[in-house]
Amino acid sequence: AQRVTQPEKLLSVFKGAPVELKCNYSYSGSPELFWYVQYSRQRLQLLLRHISRESIKGFTADLNKGETSFHLKKPFAQEEDSAMYYCALRPSGTYKYIFGTGTRLKVLA
Amino acid sequence: NAGVTQTPKFQVLKTGQSMTLQCAQDMNHEYMSWYRQDPGMGLRLIHYSVGAGITDQGEVPNGYNVSRSTTEDFPLRLLSAAPSQTSVYFCASSATSNGEQYFGPGTRLTVT
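Going down the list, the sequences are from chains A and B. When the letters of the first sequence are read in order and numbered with the numbering used here, they come out as residues 1 to 109. When the letters of the second sequence are read in order and numbered with the numbering used here, they come out as residues 1 to 112.
Looking at chain B on its own, in the form it has when it is part of the complex:
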């Protein structure tokens, strides 16, 4: 099993550009989340999903969209990138709501 995969590993965007961060898992997990990690702020939840077709907002959802059309994939879309979205983004999945979260390797995004 590949576990949780994220692409790309690195990305540089200009302010105003849009892009999609990809996340996939091959463990048939129902629960998936997107976090951003910023220095001194730990991990903050952006959006999460408790199953295909079901998504909800986390702590810092503004500027991001998600969808969950399949169990495997949970893409994160930046609608109009801003320098404040410069961060490391992590995707995670778990089999149950209180089970171990398996994290992806992260995507380092820089917005200039």
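So here's chain A without its partners, still in its complex pose:
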């Protein structure tokens, strides 16, 4: 079955500490993976996608097909990074996105 797993409901880190939000997926084909973020009182928005291989707001994510993972990383967390983060998978040839359950990141001063 196609599935996206985000094992941590809540991740708390101190400002300046490294951050890693975990995402594992289950999909037999070639996946397209995304990270979406929802800041307080804002709409859900795209943070980055694996095909772009870009860094947004200091965040990066590398697709590891061997480990079926797409972890989101940032070397130095900032207070404004506090938000809800969702990993999402789009199976090839469909528009049926599958979202993980989300991880709330709290960056402490």
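Think of the hints as simulated: they come from the structure by calculation, not from any bench. Don't be surprised by glycine CBs; every beta carbon is placed ideally from N, CA and C. Hints are supplied without guarantee of correctness; some may be wrong.
Only some residues are given here: those of chain A computed to face chain B with a beta carbon under 10 Å [said to hold, decoys possible]: (1) Gln6; (2) Lys9; (3) Lys15; (4) Gly16; (5) Phe34; (6) Leu44; (7) Arg49; (8) Arg53; (9) Lys57; (10) Tyr86; (11) Ala88; (12) Thr94; (13) Tyr95; (14) Tyr97; (15) Phe99; (16) Thr101.
Assemble chain B onto chain A, guided by the hints.
Just chain B now, kept in the frame of chain A:
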């Protein structure tokens, strides 16, 4: 551009009532989706559309109907509301199937 708009923002229904959640976008996007967001369950796809006149079921379609008569609008109908449909509903659109999804502000629905 207003982007993706949803109405109403809040709604309380009694069990058995029907209603339509409205979603509109002004970006000429072909692809649109409806999701529900429940605590601990993330976003789950209800229905989606890949163009006017074309809709399909997502992960949790039961109890919901959709139609796509125009590119701009994608209403979600609750046929006979149940307490299990208490949730926050999000509409989203994108220009391409793998493009960025733009989300609406959400509708918080409570069914008593």
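Verification of the supplied hints:
| no. | hint | in the structure |
| --- | --- | --- |
| 1 | Gln6 | holds, 8 Å |
| 2 | Lys9 | holds, 7 Å |
| 3 | Lys15 | violated, 27 Å |
| 4 | Gly16 | violated, 29 Å |
| 5 | Phe34 | holds, 8 Å |
| 6 | Leu44 | holds, 4 Å |
| 7 | Arg49 | holds, 8 Å |
| 8 | Arg53 | violated, 14 Å |
| 9 | Lys57 | violated, 15 Å |
| 10 | Tyr86 | holds, 6 Å |
| 11 | Ala88 | holds, 8 Å |
| 12 | Thr94 | holds, 8 Å |
| 13 | Tyr95 | holds, 5 Å |
| 14 | Tyr97 | holds, 6 Å |
| 15 | Phe99 | holds, 4 Å |
| 16 | Thr101 | holds, 4 Å |
Hint compliance for this structure: hints 3, 4, 8 and 9 are broken, all remaining hints hold.
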